[in-house]
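Q: Sequence:
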Amino acid sequence: MEVASHQLSVWEMVLHAGPMVKFVIFLLLVFSVASWAIVISKYALFRKAKDRSERFLEAFWKSKNFAEAYRVAQDVGISPQAVIFSSGYMELQKLNRSKGSGGDESFEKQLATLDNLKRALRKAESQEIARLGRSLAVLATTGSATPFIGLFGTVWGIMTSFQDIGSRGSVSLAVVAPGISEALVVTAAGLAVAIPAVIFYNYYSNELAELESEMQNFSTDFLNLVERDMLTRKAD
Numbered sequence: 029m030e031v032a033s034h035q036l037s038v039w040e041m042v043l044h045a046g047p048m049v050k051f052v053i054f055l056l057l058v059f060s061v062a063s064w065a066i067v068i069s070k071y072a073l074f075r076k077a078k079d080r081s082e083r084f085l086e087a088f089w090k091s092k093n094f095a096e097a098y099r100v101a102q103d104v105g106i107s108p109q110a111v112i113f114s115s116g117y118m119e120l121q122k123l124n125r126s127k128g129s130g131g132d133e134s135f136e137k138q139l140a141t142l143d144n145l146k147r148a149l150r151k152a153e154s155q156e157i158a159r160l161g162r163s164l165a166v167l168a169t170t171g172s173a174t175p176f177i178g179l180f181g182t183v184w185g186i187m188t189s190f191q192d193i194g195s196r197g198s199v200s201l202a203v204v205a206p207g208i209s210e211a212l213v214v215t216a217a218g219l220a221v222a223i224p225a226v227i228f229y230n231y232y233s234n235e236l237a238e239l240e241s242e243m244q245n246f247s248t249d250f251l252n253l254v255e256r257d258m259l260t261r262k263a264d
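Be aware that the sequence shown starts at 29, since it is given in our numbering, and climbs by one per residue.
Read the hints as simulated data drawn from the structure, not as lab findings. The reader is advised that the hints may include incorrect statements.
[Unchecked claim] Below, in silico cross-link-like pairs of lysine-lysine (BS3-like), each with a Cα-Cα straight-line distance of 30 Å or less:
id, residue 1, residue 2
1, K50, K122
2, K90, K146
3, K92, K78
4, K92, K76
5, K50, K78
6, K151, K76
7, K90, K50
8, K50, K92
Being a predicted model, the structure only gives us computed values, none of them experimental.
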């Protein structure tokens with residue numbers, strides 16, 4: 029019966045733990061809630077980005093001109109490729125207005141137009157990557173920090189257990205085991221928080237890299253279309 033009285037559940041171990049261990053567990057709980065909130069929100073964000081990008085690209089390649097594609101981009105909503113195209117299209121509109129209505133374009137002006145367009149597209153790409161990758165650093169921090177936070181709680185709990193042993197003057201297993209078990213629960217909690225955070229950080233990092241590659245490919249295709257349009261107008 030004496031041994032059975034020490035067979036505490038995990039929840040009872042947490043309740044019987046000291047103030048510092050309880051604080052560490054609370055800190056781990058905060059990290060866990062934050063990381064899972066990010067995991068769920070990123071899942072919805074990346075799924076929506078892929079879905080709307082597919083819709084935009086399908087409509088973009090069917091469009092007769094850039095103006096029609098721009099209207100499609102406005103209707104599609106938040107899509108990385110649509111945002112990049114909109115930024116490039118607005119830059120082209122600004123450049124066309126600044127040129128006015130006089131004369132043919134020189135080769136230098138065409139190069140300047142392409143350089144300005146490239147900068148606008150690169151800026152839009154960077155902004156979209158930053159938007160899609162926002163909060164991923166929290167997952168990385170959770171994955172790297174929480175095991176050490178849990179280890180700190182374990183070390184603190186073991187220190188407290190040895191102090192209790194010294195004050196009681198007893199080293200029986202019945203005295204040592206509960207305190208050590210309570211301390212080890214914190215390490216397990218730290219690993220339980222860290223492992224999913226690391227897995228999803230790597231997963232979403234790969235998803236972000238894939239989207240970044242798709243954005244760069246679209247920017248290249250858009251620039252090729254603009255260059256082809258310039259050459260066609262020059263030939264005419």
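Q: Now, for every hint given, state plainly whether the structure supports it.
A: Comparing the hints with the structure gives:
no. : hint        : result
1   : K50 to K122 : violated (60 Å)
2   : K90 to K146 : holds (23 Å)
3   : K92 to K78  : holds (24 Å)
4   : K92 to K76  : holds (26 Å)
5   : K50 to K78  : violated (42 Å)
6   : K151 to K76 : holds (22 Å)
7   : K90 to K50  : violated (60 Å)
8   : K50 to K92  : violated (64 Å)
In the structure shown, a violation is registered for the earlier hints numbered 1, 5, 7, 8, in ascending order.
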